[in-house]
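*Asks:* What follows is the residue order along each chain.
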Amino acid sequence: MAAFTSFDFGSLFSVGNLLCLFLGTLLGMIVGCLPGLGPTIGVALCLPLTFKMDLIPSVLLLVAIYQGAEYGGSISAILLGIPGTISASATTMDGNPLCRKGYPGKALGYSLTSSAIGGLLGGIVLLLFITPLSRLAFDFLDGELFLIAMFGLISIVTLGSDDVPKSMISLLLGLLLRTMGADTLSGVNRYTFGVPSMLEGLQFIAVITGLFALSSVFNMVGSENLGSSGVSDVSRFKVHVSLSELREILGTVLKSSVIGTIMGIIPGLGPSAAAWMSYNEVKRAHPEKKFGTGEPLGISACESANNACVGGALLPLLSMGIPGSGTIAVLATAFMFKGIQPGPQLLTKYPQYVYPILWGFLIAVFALYIVGKFFTSLTARMLVAPNYLLVVIILVAIMIGSFGNRNNMFDVGVAIAFGVVGFFLIKLKYPIASFLMAFVLGDIIETHFRRALTLSKGSWLVFVSRPASIVIDLMILALIVSSVLRSVKAKKQKAAAAKTAEGGADHV
Amino acid sequence: MGYKKATCIANGILIALAIAFIVMALNFKEGFVKLVISEKYYPIGVAGLLIVACIISTIKTLAGDDDHKVEIKGWKNILLVLGTCIVFALLWKYVGHFYVIAFVLMSGLMYVLNPEPHSKKKVLKTLLTNLAIVLVIYVGFERLLNFRF
Chain S
1 MAAFTSFDFG
11 SLFSVGNLLC
21 LFLGTLLGMI
31 VGCLPGLGPT
41 IGVALCLPLT
51 FKMDLIPSVL
61 LLVAIYQGAE
71 YGGSISAILL
81 GIPGTISASA
91 TTMDGNPLCR
101 KGYPGKALGY
111 SLTSSAIGGL
121 LGGIVLLLFI
131 TPLSRLAFDF
141 LDGELFLIAM
151 FGLISIVTLG
161 SDDVPKSMIS
171 LLLGLLLRTM
181 GADTLSGVNR
191 YTFGVPSMLE
201 GLQFIAVITG
211 LFALSSVFNM
221 VGSENLGSSG
231 VSDVSRFKVH
241 VSLSELREIL
251 GTVLKSSVIG
261 TIMGIIPGLG
271 PSAAAWMSYN
281 EVKRAHPEKK
291 FGTGEPLGIS
301 ACESANNACV
311 GGALLPLLSM
321 GIPGSGTIAV
331 LATAFMFKGI
341 QPGPQLLTKY
351 PQYVYPILWG
361 FLIAVFALYI
371 VGKFFTSLTA
381 RMLVAPNYLL
391 VVIILVAIMI
401 GSFGNRNNMF
411 DVGVAIAFGV
421 VGFFLIKLKY
431 PIASFLMAFV
441 LGDIIETHFR
451 RALTLSKGSW
461 LVFVSRPASI
471 VIDLMILALI
481 VSSVLRSVKA
491 KKQKAAAAKT
501 AEGGADHV
Chain F
1001 MGYKKATCIA
1011 NGILIALAIA
1021 FIVMALNFKE
1031 GFVKLVISEK
1041 YYPIGVAGLL
1051 IVACIISTIK
1061 TLAGDDDHKV
1071 EIKGWKNILL
1081 VLGTCIVFAL
1091 LWKYVGHFYV
1101 IAFVLMSGLM
1111 YVLNPEPHSK
1121 KKVLKTLLTN
1131 LAIVLVIYVG
1141 FERLLNFRF
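Protein chains in written order, with the working numbering: chain S, 1 to 508; chain F, 1001 to 1149.
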């Protein structure tokens, strides 16, 4: 507990850190509110800003962007009925109707307040559970660490996608491409093709910016109206919720925050699933309310859940090295740039970084509330920015981002190539979040796997020989079995629906 | 092109890629450190699983109902953006002068993508916007963050 509080709190409130928190929140709100961008692209595009920064402000900046983007997604969902992020799609259900009734400021007020409370609860859970989880994981040997990483990947495949084989392909492709470069255990060059720039393998930033940002640019110029974003007027409004209104939503906000935090901890689920699950739960709990017509509880449930997810998703990363979501996987690279591998060792080796980041996370929530309160109206004006302008800004950011990590033009080429690959992967519904998670975790998976087998002299029993590994094995088995059962149930439901439709047609 | 056909082609390409990775892995030079699981077995295993997953995905896709048309809307704009990126990278590598290249290419791209009809105002707006972008990069990245382009 001592380390928990025994650091220089004053340093956390340095001008640099506070600037990162407030600027990150504003940037996050902007990328979140622009449909087609979102938190992952926002964090990826801002990674280059962190190259020359210390770890703490870097992570605070990226966390603030993530938090800000989760709230920002609700701005366009409420004002336009077009969710800025996937997770804000549930917010559209009640947010947009309330706006159309003439209460945009009220709808955004519910969203902001719920986002802030959700973020705060997620942060508190992160703060409380990081130490016990890290201690638990600290005793893990290579075999268990490999299994934990596999659990994360299998969660992504089974829970994060409807098409399991395609998700599996994305994942394996990520693992395979991560093997490029000099082997960390033997030093042998693998798939380097004699290119010196390939000795360190494919660079995260180049792959991420290409895969997410450039592919989204291709989608933008290909399918959207380039001249304008379809908005000509974003009226002035005051983001405000009164105390009595807050009291009415508080119970739902707290319940949804718990759901969001849990969904964030489980890799593969993420904010979108959390928002929809909370929305369904609040509908079930309040059958008397007319959801879909501008019900504040509907907005609050979704927004508190998706922001609570952020803290939840950071927990497995900081304690076990497993990113809870695609955005957190991108955020993890900020640690790797500084030569730090997130995981059980983080808390013991680098407490000077971990605790300020955790407390900074809580400050980020307050920053979200303050920035959201005063800048939502301004952020909403970004919705009138034409897409051709966004395309140019994003392209320049991609060029700088991919080059800036090690001043290497080869990485710019890699980003362009991955932009094309990402575009086709998305078109053909290969989930790129699976690829990203595998690419980030690939190195530690291979290292732990090979080290475990080397230490056990080739015996595969190393993966089932200790109580901890047996528990993780059972968790993996449960995931696979539940996925199979879900798939069988879905097939049965589909067949029954088809039969009913057929019967109806015959009857007609 | 139909979704089924496109998926089959994509899976075929991935299978070819996996086979290439396996063949290359078999020809890795031996390392000085002898490990129980050498540097070649892990990529071979992953590539093998990738082939299996591609086959399963192909069968599942062919057996499924979904065969919507996979369209690449606005492919001319996509090629334009891709071409600009490639020219940007090549000019930057072989000519240098990042700011000049960024200003010229991005102005050109923005002008073409802007659907407004040609006018002096449009040209001026494009040039001023890109000048502002380049200035922000210079101040933000080069002066404040010590980037060197």
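Think of the hints as simulated: they come from the structure by calculation, not from any bench.
Owing to the predicted nature of the structure, the values given are computational and were not obtained by experimental measurement.
Among the hints, a few may not be true.
[Claimed, not checked] Chain F residues, not near chain S, derived (Cβ > 10 Å throughout):
#1 G1012
#2 G1031
#3 V1070
#4 V1100
#5 N1114
#6 K1121
[Stated by the list, open to error] Under the rule of at most 30 Å between Cα atoms (straight-line distance), these lysine-lysine pairs were calculated in the DSSO-like manner:
#7 S:K427 with F:K1029
#8 S:K492 with F:K1005
#9 S:K494 with F:K1029
#10 S:K489 with F:K1029
#11 F:K1093 with S:K492
#12 S:K255 with S:K289
#13 S:K494 with F:K1004
#14 S:K283 with S:K457
#15 S:K427 with S:K373
#16 F:K1029 with S:K290
#17 S:K499 with F:K1073
#18 F:K1076 with S:K457
The beta carbon of each residue, even a glycine, is placed where N, CA and C say it ideally should be.
*Asks:* Each of the hints needs a verdict: does it hold here or not?
*Replies:* To see whether the hints hold, each was checked on the structure:
| no. | hint | result |
| --- | --- | --- |
| 1 | G1012 | holds, 12 Å |
| 2 | G1031 | violated, 3 Å |
| 3 | V1070 | violated, 6 Å |
| 4 | V1100 | holds, 13 Å |
| 5 | N1114 | violated, 5 Å |
| 6 | K1121 | holds, 14 Å |
| 7 | S:K427 with F:K1029 | violated, 38 Å |
| 8 | S:K492 with F:K1005 | holds, 27 Å |
| 9 | S:K494 with F:K1029 | violated, 52 Å |
| 10 | S:K489 with F:K1029 | violated, 49 Å |
| 11 | F:K1093 with S:K492 | violated, 57 Å |
| 12 | S:K255 with S:K289 | holds, 17 Å |
| 13 | S:K494 with F:K1004 | holds, 20 Å |
| 14 | S:K283 with S:K457 | violated, 55 Å |
| 15 | S:K427 with S:K373 | violated, 38 Å |
| 16 | F:K1029 with S:K290 | violated, 68 Å |
| 17 | S:K499 with F:K1073 | violated, 36 Å |
| 18 | F:K1076 with S:K457 | violated, 57 Å |
Checked against the numbered hints given earlier, the structure breaks hints 2, 3, 5, 7, 9, 10, 11, 14, 15, 16, 17, 18 and satisfies all the rest.
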